[in-house]
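What follows is each chain in one-letter form.
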Amino acid sequence: MSFRISTHALDPGRLKDQLSADAAGACACFEGWVRNHNDSKSVRALEYEAHEGLAVKEGEKILAEAIEKFDLHAAAAEHRAGTLEIGDCAVWVGVSSSHRDAAFSACRYIIDELKSRLPIWKKEYYADGHSGWINCVTGQPTAPE
Amino acid sequence: MSFRISTHALDPGRLKDQLSADAAGACACFEGWVRNHNDSKSVRALEYEAHEGLAVKEGEKILAEAIEKFDLHAAAAEHRAGTLEIGDCAVWVGVSSSHRDAAFSACRYIIDELKSRLPIWKKEYYADGHSGWINCVTGQPTAPE
Amino acid sequence: MIAVTARYFAAFRDKAGQDTETVRTKAKTAGELYAEIAAAHGFADTMTRCKVAVNDEFADWNTRLADGDTVLFFPPVAGG
Amino acid sequence: MIAVTARYFAAFRDKAGQDTETVRTKAKTAGELYAEIAAAHGFADTMTRCKVAVNDEFADWNTRLADGDTVLFFPPVAGG
Numbered sequence: 001m002s003f004r005i006s007t008h009a010l011d012p013g014r015l016k017d018q019l020s021a022d023a024a025g026a027c028a029c030f031e032g033w034v035r036n037h038n039d040s041k042s043v044r045a046l047e048y049e050a051h052e053g054l055a056v057k058e059g060e061k062i063l064a065e066a067i068e069k070f071d072l073h074a075a076a077a078e079h080r081a082g083t084l085e086i087g088d089c090a091v092w093v094g095v096s097s098s099h100r101d102a103a104f105s106a107c108r109y110i111i112d113e114l115k116s117r118l119p120i121w122k123k124e125y126y127a128d129g130h131s132g133w134i135n136c137v138t139g140q141p142t143a144p145e
Numbered sequence: 146m147s148f149r150i151s152t153h154a155l156d157p158g159r160l161k162d163q164l165s166a167d168a169a170g171a172c173a174c175f176e177g178w179v180r181n182h183n184d185s186k187s188v189r190a191l192e193y194e195a196h197e198g199l200a201v202k203e204g205e206k207i208l209a210e211a212i213e214k215f216d217l218h219a220a221a222a223e224h225r226a227g228t229l230e231i232g233d234c235a236v237w238v239g240v241s242s243s244h245r246d247a248a249f250s251a252c253r254y255i256i257d258e259l260k261s262r263l264p265i266w267k268k269e270y271y272a273d274g275h276s277g278w279i280n281c282v283t284g285q286p287t288a289p290e
Numbered sequence: 291m292i293a294v295t296a297r298y299f300a301a302f303r304d305k306a307g308q309d310t311e312t313v314r315t316k317a318k319t320a321g322e323l324y325a326e327i328a329a330a331h332g333f334a335d336t337m338t339r340c341k342v343a344v345n346d347e348f349a350d351w352n353t354r355l356a357d358g359d360t361v362l363f364f365p366p367v368a369g370g
Numbered sequence: 371m372i373a374v375t376a377r378y379f380a381a382f383r384d385k386a387g388q389d390t391e392t393v394r395t396k397a398k399t400a401g402e403l404y405a406e407i408a409a410a411h412g413f414a415d416t417m418t419r420c421k422v423a424v425n426d427e428f429a430d431w432n433t434r435l436a437d438g439d440t441v442l443f444f445p446p447v448a449g450g
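These protein sequences, in sequence, are chains E, Z, W and U.
Numbered per my numbering, the first sequence spans residues 1 to 145.
Numbered per my numbering, the second sequence spans residues 146 to 290.
Numbered per my numbering, the third sequence spans residues 291 to 370.
Numbered per my numbering, the fourth sequence spans residues 371 to 450.
Hints were generated in silico from the structure; no laboratory data involved.
In this text, all values refer to a predicted model and were calculated from it rather than measured experimentally.
Just so it is clear, CB atoms sit at the ideal spot from N, CA and C, and this is done for glycine as well.
Warning: the hint list may mix true and false statements.
[As the list claims (entries may be wrong)] Derived EDC-like pairs (lysine to aspartate or glutamate); straight-line CA-CA distance at most 16 Å:
no., chain 1, residue 1, chain 2, residue 2
1, Z, K202, W, E347
2, E, K57, U, D426
3, Z, K268, W, E347
4, Z, K186, E, D22
5, Z, K161, E, D11
6, Z, K206, W, E347
7, E, K57, E, E113
8, E, K16, Z, D257
9, E, K61, U, E427
10, E, K123, U, D384
11, Z, K268, Z, E194
12, E, K57, U, E427
13, Z, K260, E, D101
[Unchecked claim] Here are a few chain U residues that sit away from chain E, every Cβ distance over 10 Å (derived from the structure):
no., residue
14, Q388
15, K398
16, G401
17, E402
18, A409
19, T433
20, A436
[Said to hold, decoys possible] Among the chain U residues that face chain E by a calculated CB cut under 10 Å, a handful are:
no., residue
21, F379
22, A381
23, D384
24, R394
25, K421
26, A423
27, E427
28, F428
29, W431
30, D439
31, L442
32, P445
33, P446
34, V447
35, A448
Take the sequences, apply the hints, and build the full model.
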C-alpha cells in the first residue's frame, strides 16, 4: 500500500507492479488526464498545488479504508503536483483483488475519496490567457484572474 | 477501437496508448490475471481456447456498443489464447472518456460482456495433476479429467 | 437427409473425442441437430447455456440447416 | 488575546495576497478565527466547504486554539 505526491511524470507501468499477488485475479486502474477543455473553456495547462504532508497522510488513510472495506490484495495511488499539460496523467489509482466486483468498487471508492478529501487544488490556465482556481461544486473558476 | 486475440503476452502499456485523446479526462483499465486458486483448488496453469474469428467479431461488437452507450473517446481490449501461468494477464480492457462515471461504467460493461459472450474457454490445470474445463455457472470443472 | 460438418470446441471436443465430424441427419434446425449430437456424445449442457454458429456466423437454435453447412457447437464459456 | 500563525492555500493565498501571516485574535476556535479572517480578506466560501488543520493535523472548526498554534486554511478542493 502506498500513496505518494509526485512532482514528476507518473509511471503507471511501474506503479502497477506494486499490485502483483498470486491470489489476485482482477486488477482495476484509473487515470485522471488533463483535458483540453472544461465546459466551454479551452484549457492549455493545469497547475496542482498540494499540501504534501496532509495529502500523503489522508491518501494512505483512504487506501487503508479501501483495503479493509473491499478485502483487496493491494492498493496504490499517486497524485501529481506542479504544472501539467494536456494529456498528462494527474492521478493514478490501482487495486488488485480476487474478483472483479471488488476491484471496480474499490478503485472507484479510492478516486472519489481522493478527489474530495485530499488537500490538492487545481488552477486552470486558459487559451485566452486567463486562469482560475477550480471550485469543487460548480466545476468553474472561483474567480477568474 | 480494436479487439484482438493474442497468443503472446499482453502489453498493457502499449495497449493503453491507443486510448489517448486530448478531450479525455478519465481512463479506466481492467486486467484479469491468472489466480493461483479456484475455490479450494490449487491452480498451476490455465489454457484458453478461442474461436478467433468469432471472438474478434463479437469483441469488436461489444466495444462498439460501449462507445455508443457511454459516449467514449476510445475503447480497446485484448484476450489471451494458449497456455498461461500464475500472474499472467489473460484479458485487458481499457477505455477513455471525458468524465470518470462513463469510464468506470464502460470498462465494467465491456469485461462483463466479453466474459459472457466471447467463444473462449478456460481449462484449469491443478497442482494435483488433474485438469478441467471451467463451467460458467458453477465456476467448477465440468468434468475433471 | 442432409450432410453437414459438425465442429466441437473445448469440453465438447474432449467429450466427442474429435473436433470435426460429418453428420448425415434428418434434423431441420441447429437445435434439432444439437439434440441428436448431445445424445450421441453425452453432452449434458442445455441449449440455453450453449451457443451455435452456422458457417462462421453466430446463429440461433431455430436456424434452418442446408446440405453442406458447417455447424459449430460452443459449450458454455468460462464467464469468470 | 492569542497570537497564531495563519497559512493560506490556493485561492485563499491569492485572495489574501500572502501565504502566511501572524494574527492576534480573541477567537477561541478555528471557526471563529476563520470568520474573522474571511471577513478581512473577502473569503466567500462557507466553512462546511472548506477544511482546517491545526499544527499540521486536520481539525474540526470547533477545535480550541492556543497561543502559538499554526492554523492552515484550505479552500474547497477541485473534486473533479
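Going down the list of hints, with the structure as the test:
1. Distance restraint check for Z/K202 and W/E347: the Cα-Cα separation of roughly 9 Å lies within the 16 Å cut-off, and the hinted pair is therefore satisfied.
2. For the given pair, E/K57 sits about 10 Å from U/D426 by alpha-carbon distance, which is consistent with the 16 Å threshold.
3. Distance restraint check for Z/K268 and W/E347: the Cα-Cα separation of roughly 24 Å exceeds the 16 Å cut-off, and the hinted pair is therefore not satisfied.
4. A hinted pair counts as satisfied when its Cα atoms are at most 16 Å apart, and Z/K186 with E/D22 qualifies at roughly 14 Å.
5. As the CA atoms of Z/K161 and E/D11 are separated by approximately 13 Å, the hinted pair is consistent with the 16 Å bound.
6. Straight-line distance between C-alpha atoms of Z/K206 and W/E347 comes to about 13 Å, which keeps the hinted pair within the 16 Å bound.
7. A threshold of 16 Å between alpha carbons decides the hint, and for E/K57 with E/E113 the separation of about 13 Å falls inside it, so the pair holds.
8. For the hint linking E/K16 to Z/D257, the alpha-carbon distance of about 22 Å lies beyond 16 Å, and the restraint is violated.
9. In summary, the hint linking E/K61 to U/E427 is supported, as the alpha carbons are separated by about 13 Å, within the 16 Å threshold.
10. With a C-alpha separation of about 11 Å, the suggested pairing of E/K123 with U/D384 holds against the 16 Å cut-off.
11. The straight-line distance between the Cα atoms of Z/K268 and Z/E194 is roughly 8 Å, inside the 16 Å bound, and the hint therefore holds.
12. Of the supplied pair hints, the one linking E/K57 and U/E427 holds, its CA atoms being roughly 9 Å apart against a limit of 16 Å.
13. Of the supplied pair hints, the one linking Z/K260 and E/D101 holds, its CA atoms being roughly 13 Å apart against a limit of 16 Å.
14. Even its closest Cβ contact with chain E, about 15 Å, leaves U/Q388 beyond 10 Å, as expected for a residue assigned away from the interface.
15. For U/K398, the non-interface assignment is confirmed: its Cβ lies about 24 Å from the closest Cβ of chain E, beyond the 10 Å cut-off.
16. Listed as a non-interface residue, U/G401 keeps its Cβ farther than 10 Å from every Cβ of chain E; the least gap is roughly 18 Å.
17. Under the 10 Å C-beta cut-off, the non-interface status given to U/E402 relative to chain E holds; the minimum distance is some 22 Å.
18. At the 10 Å boundary, the C-beta of U/A409 stays outside the reach of chain E, the nearest C-beta of that chain being 17 Å off.
19. Remark: the non-interface label on U/T433 is consistent with the geometry, its nearest Cβ contact in chain E lying 15 Å away (cut-off 10 Å).
20. Under the 10 Å C-beta cut-off, the non-interface status given to U/A436 relative to chain E holds; the minimum distance is some 20 Å.
21. For U/F379, the interface hint holds, the least distance from its beta-carbon to any beta-carbon of chain E being 6 Å, beneath 10 Å.
22. About 4 Å separates the beta-carbon of U/A381 from the nearest beta-carbon of chain E, less than 10 Å, and the hint is met.
23. Given hint, U/D384 at the interface with chain E, holds; its Cβ is 7 Å from that chain's nearest Cβ, closer than 10 Å.
24. Hint status for U/R394: violated, given a least beta-carbon distance of 25 Å to chain E, over 10 Å.
25. The beta carbon of U/K421 comes within 7 Å of a beta carbon in chain E, closer than 10 Å, and the hint placing it at the interface holds.
26. Proximity of U/A423 to chain E holds as hinted, the smallest CB-CB distance being about 6 Å (cut-off 10 Å).
27. Annotation: interface hint on U/E427 holds; nearest CB of chain E at approximately 8 Å, less than 10 Å.
28. Nearest Cβ of chain E to the Cβ of U/F428: about 7 Å, under the 10 Å cut. The hint holds.
29. Annotation: interface hint on U/W431 violated; nearest CB of chain E at approximately 16 Å, more than 10 Å.
30. Evaluation of the U/D439 hint against chain E yields a violated restraint, the C-beta minimum of about 16 Å exceeding 10 Å.
31. Checking U/L442 against chain E by beta carbon gives a least distance of about 7 Å; that is within 10 Å, so the hint holds.
32. For U/P445, the interface hint holds, since its Cβ comes within 10 Å of a Cβ in chain E; the closest pair sits about 7 Å apart.
33. At its closest, the beta carbon of U/P446 sits 4 Å from a beta carbon of chain E; the interface hint therefore holds under the 10 Å criterion.
34. Interface restraint check: U/V447 against chain E, minimum CB-CB distance 6 Å, threshold 10 Å, status holds.
35. For U/A448, the interface hint holds, since its Cβ comes within 10 Å of a Cβ in chain E; the closest pair sits about 4 Å apart.
Checked against the numbered hints given earlier, this structure breaks hints 3, 8, 24, 29, 30; the rest are met.
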